[in-house]
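> I would like the entire structure built from these sequences, with the hints used as guidance.
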Amino acid sequence: MRTDGRLLTCAVALVSVAALAGCRQDMHDAPRYEVFEANASMPDGRASRNLPAGTVARGQLRDDDHFYTGKVNGEFVTEYPFPIAAADMARGQDRYTVYCTPCHGQLGDGKGMVVQRGLRQAATYHQDRLRTVAPGYLYDVISNGFGAMQGYAEQVPARDRWLIAAYIRALQLSQNASVNDVPAADRGRLDAPPAAAGAPAAH
Numbered sequence: 001m002r003t004d005g006r007l008l009t010c011a012v013a014l015v016s017v018a019a020l021a022g023c024r025q026d027m028h029d030a031p032r033y034e035v036f037e038a039n040a041s042m043p044d045g046r047a048s049r050n051l052p053a054g055t056v057a058r059g060q061l062r063d064d065d066h067f068y069t070g071k072v073n074g075e076f077v078t079e080y081p082f083p084i085a086a087a088d089m090a091r092g093q094d095r096y097t098v099y100c101t102p103c104h105g106q107l108g109d110g111k112g113m114v115v116q117r118g119l120r121q122a123a124t125y126h127q128d129r130l131r132t133v134a135p136g137y138l139y140d141v142i143s144n145g146f147g148a149m150q151g152y153a154e155q156v157p158a159r160d161r162w163l164i165a166a167y168i169r170a171l172q173l174s175q176n177a178s179v180n181d182v183p184a185a186d187r188g189r190l191d192a193p194p195a196a197a198g199a200p201a202a203h
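All residue numbers for the sequence shown refer to our numbering, where the first residue is 1 and numbers rise by one.
Hints listed in this document are in silico derivations from the structure and should not be mistaken for laboratory results.
All C-beta atoms, glycine included, are put in the ideal place defined by N, C-alpha and C.
Nothing false has been slipped in among the hints.
Label pairs and their calculated CB-CB ranges: (1) 31 / 101: 49 to 55 Å; (2) 151 / 16: 54 to 60 Å; (3) 36 / 148: 31 to 37 Å; (4) 62 / 181: 33 to 39 Å; (5) 150 / 173: 23 to 29 Å; (6) 194 / 107: 19 to 25 Å.
Cut-off 25 Å, straight-line C-alpha distance, at most; resulting in silico cross-link-like pairs (DMTMM-like, lysine to aspartate or glutamate): (7) 71 / 160; (8) 71 / 128; (9) 71 / 88.
And the structure:
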């Protein structure tokens, strides 16, 4: 039994040696160039090549200034780049809640949770300056940041940034609307008494 054990040990050792012999260092150092590695065969001595002129990564073509920058001819746009439907506003509210409420609050008054916990006061959207800015300005700030606020272009797709801008405008209107903002045909309903609980709403 002792002899059999020694034979087994020798067999395992031989197999291990054979396996290690197949793992050569040149398999670890594969015949490829690493980023920024020197290459004496190239005229400039670099292994990395510059991208051909005009090359754009897939999905990175930004050929619509209005949509991707919020500007046309260097000026902030006053129109959204696509129609805003009710489903879009719901999406804008959702994205605003995720990314904006921690600082700006649910009402956009700058009293988000992180402000309540002692961090720097965030801007309120209900100041006169921001209530009159173009939608393109709101989109630009969401994209690139402003002051202590970081930009969200990496986290939030361009379309969602526009929807957040649209929802911010709705928030501003909700807190600063006047009678003149109500369509004339509907103003009479403002003075109507509230419907009793359980009663059908008047149409």
